[in-house]
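All chains, full assembly: derive it from the sequences and hints.
There are 2 protein chains.
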Amino acid sequence: MKFQADKDAIVIGAGLTGSLLSMYLAQEGLNVSIFELRPDLRKVDLPAGRSINMALSHRGISALQKVGLFEQIKKDLIPMKGRCIHLKGQDSLHQAYGVDKDHVIYSISRGLLNKILLEASEKFPNIEKKFQYRCQWMNYETNMLFVEDLDHGREHSFHPNTVLATDGAFSAIRKSMIRQTRFSFSQQYIEYGYKEITIPAQNGAHVLDPHALHIWPREQYMLIALPNVDGSFTCTLFLPYKGEHSFQKLNTVEDCKVFFDQEFPDLQEYAYDMAQQYVDHPIGDLLTLSSHPWNISGQSMLLGDAAHCMLPFFGQGMNAAFEDCVLLHKELEKHDFDFSKAYSEFWPQRKKDTDAISKMALDNFSEMRSRVRNPDFHKRKAIEHHLERIYPELYQSLYSKVSFSLQPYHKILDQELHQTMLIDQILEKNIDCSSPSTQLESMLRNIRKS
Amino acid sequence: MKFQADKDAIVIGAGLTGSLLSMYLAQEGLNVSIFELRPDLRKVDLPAGRSINMALSHRGISALQKVGLFEQIKKDLIPMKGRCIHLKGQDSLHQAYGVDKDHVIYSISRGLLNKILLEASEKFPNIEKKFQYRCQWMNYETNMLFVEDLDHGREHSFHPNTVLATDGAFSAIRKSMIRQTRFSFSQQYIEYGYKEITIPAQNGAHVLDPHALHIWPREQYMLIALPNVDGSFTCTLFLPYKGEHSFQKLNTVEDCKVFFDQEFPDLQEYAYDMAQQYVDHPIGDLLTLSSHPWNISGQSMLLGDAAHCMLPFFGQGMNAAFEDCVLLHKELEKHDFDFSKAYSEFWPQRKKDTDAISKMALDNFSEMRSRVRNPDFHKRKAIEHHLERIYPELYQSLYSKVSFSLQPYHKILDQELHQTMLIDQILEKNIDCSSPSTQLESMLRNIRKS
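Chains as they are written, first to last, in this note's numbering: chain G, 566 to 1015; chain A, 566 to 1015.
Each hint should be verified, as a subset may be incorrect.
Here are the simulated DSS-like cross-link-like pairs (lysine-lysine), alpha carbons at most 27 Å apart as the crow flies [stated by the list, open to error]: (1) G:K680 / G:K924; (2) G:K924 / A:K916; (3) A:K924 / G:K917; (4) G:K814 / A:K924; (5) A:K807 / G:K807; (6) G:K807 / A:K899; (7) G:K807 / A:K572; (8) G:K924 / A:K976; (9) G:K924 / A:K924; (10) A:K740 / G:K740.
Think of the hints as simulated: they come from the structure by calculation, not from any bench.
This is how it looks when you write it as structure tokens:
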């Protein structure tokens, strides 16, 4: 407990990031008020067809551990050991994420994780949650925050000590910040959208290997599936808006049935049901969003998707947002909860990392839908696995560093060119990587230096 | 005259681009209504300290010629043949922009050019101009445009055939478009701002060479000066917001006087007056802005700064916006004024070019404030001049292609790496460029192929 009294913080948004962040702040004795636009999701059902499960990896786990939550959610997690790649007319292909037994990522329901986080926050008497309160805007001249109580149609205003905006990609606080001078901002949509489709359990069991993230890479589009604890899978179909196989072309249940039949022969028995869901579910858009500065003095601070929204193709959106909380908390401690100082020091460093993972997430889309189809890709992965196994101190793949380490994302990206060139060399010179050699070791030591 | 009757177009903004564009449209027989937020600048004075003169180059000239306006403004132009670089404690250094006598850019007052364009539009009975009309927003579902008559405090609404938005970097139409689905947008401020300062004429004469663009490159900041027809110069001081010499540090007339005295010794006699103006004038921000799509069907179309706003360091903002008008007009003709088709075909191509020139404008900032100080830079320019003179068909510098040709900006940028490498080679191998040689010619032919 750092604070005795009247220091308080307002958090906008009780989603995954806001719920976790409020506990980090409350642990320090701050009085936290959370305003959430939507109803308390512990009391209502989530609408179908909206981003149902997430891939939790090391950064996210580490952030949950700091509030003692990881053990608690373990039973709700399904470990995924690697990718299972479904090529047309071929047996499915398993590709482990890493060589270590801990190198797994976990499938978890977004709704469930959010509920657990909200429930956990009940233990803090200094966290107050207000649902169905819409953040309207913030006036930075007068330091007034305007919030509307939707239930009672009343407007409230506050003079907050500080406002932490975890209200997602369409952040209301960010909209107020954009009106301030010299706010840099970018939102870039890609020419793809997605629809979510469920494959039900059969007699309570998973119809595909539950310990894998399934991918049907089809070059110009792809389907993926993540396991749920109830035996079902949540599939996400990523399609371009225009073109041969696209949202523009695929509209009727009949056409979709033919499409699923032909393109995903191993899911044929679900084709009709999938086609029906496809037609019923909304299209989700896919965008990368970046902004800066993240703070206005100590008055407000953007975090998670409100500050940087990335594409889902590296499964790092939530993990990065959770890591934001950990790192901001560190900075707050370092500066004795001087919000202005901590915020200003925090984001310029952190933005390098979130820019880097945003770029890697975009790059990973073509890896998932296209490069995994290439035999050369599998050769490279095999080499990387050998290197990771034989020289764990000297070599970690990009995927491992992102998913199974806390190394800053921007450093990982910086090193990647060297690692790619190393694998190029190994392939070119046909160097045997299955056992240690002085040649290999010296090559690895060289890239560590560069 | 392509149209006989009821086809009309609304243009938002009667600035440089809107005024020119309306004439392009009116020439084709369209009935054009222009709504301009500000008063008619032919009747009021421009506020001081706001972007007073522009550098007109080939693309802009070519666009003006198509409405017969270039001859008319010639007397108001001052040709600038090159850069005059003022290093501290050294004689000023002249560097020609090109080798051809036509390779000059022209200094012209923004206000005067805008007045001439507005006046020229009076010749078209089918152009109607409404000043002090604020564009509020556009509803794309109902195709309604809302405009406020500020003089009378009345709101008007229209069902326009089409709306062309030339309302600048903070376009109201773009704000309405952003609310539509999947609009990608980016605004990036740089850590520099600018202030405009006038150096008066002495006995009606220019106190510096009037046929040059003057630069005082100071590595981390710079001052430039463009000549005016009345014998004065408009200087622009580009300073960072923070740091040793910055807007944060420089606040009082006394401090500024010392700064101008020390940093610009050749302007010493104006130091006090410049310091006074510095303190009195507002800081202008500097941003790059990009967006897409530029159109929503045939309903609205962004052009000029509303679509792509670049930094001023290549003097291409106005020239590119004028070229937008020329190229859009071509596309409209090609598609028989089917707005939807013409707009959709136009912008994806054009955006490649405006992205490229935006990038070159950013790159040119460090060239102007820093690289021009380097002796190596002058060696490279000398080589380029030799090549341009001896092999005009085979070599044009980046600057020449941007300023003295109509080559698409993106192609110029694509070729630049090869051209840079060529000059590297010439320097490295110490090849004599002052006269033709088979070696040089074959090197030049090689890069043309690549």
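For the pair supplied as a hint, K680 (chain G) and K924 (chain G), confirm whether the alpha-carbon distance does not exceed 27 Å.
-> violated (30 Å)
Are the Cα positions of K924 (chain A) and K917 (chain G) separated by 27 Å at most?
-> holds (20 Å)
Are the Cα positions of K807 (chain G) and K572 (chain A) separated by 27 Å at most?
-> Roughly 31 Å separates the two Cα atoms, so the pair is violated.
Between K807 (chain A) and K807 (chain G), is the straight-line Cα distance small enough, at 27 Å or below?
-> Given that 27 Å is the threshold and the Cα spacing comes to 47 Å, the pair is violated.
Satisfaction of hint between K976 (chain A) and K924 (chain G), Cα-Cα up to 27 Å = This hinted pair holds, its Cα atoms lying about 25 Å apart.
Given pair status - K740 (chain G), K740 (chain A), alpha carbons within 27 Å | With Cα atoms ~12 Å apart, K740 (chain A) and K740 (chain G) stay inside 27 Å; holds.
Can the restraint linking K807 (chain G) and K899 (chain A) be considered satisfied, given a maximum Cα separation of 27 Å?
-> Between K807 (chain G) and K899 (chain A) the Cα gap is close to 24 Å, so the pair holds against 27 Å.
K924 (chain G) and K916 (chain A): Cα distance at most 27 Å?
-> OK: K924 (chain G) and K916 (chain A) at ~22 Å, within 27 Å.
Given pair status - K924 (chain A), K814 (chain G), alpha carbons within 27 Å | violated (36 Å)
Restraint status (C-alpha distance of K924 (chain G) to K924 (chain A) at most 27 Å) = holds (19 Å)
Of the hints listed earlier, those the structure fails to meet are numbers 1, 4, 5, 7, in rising order.
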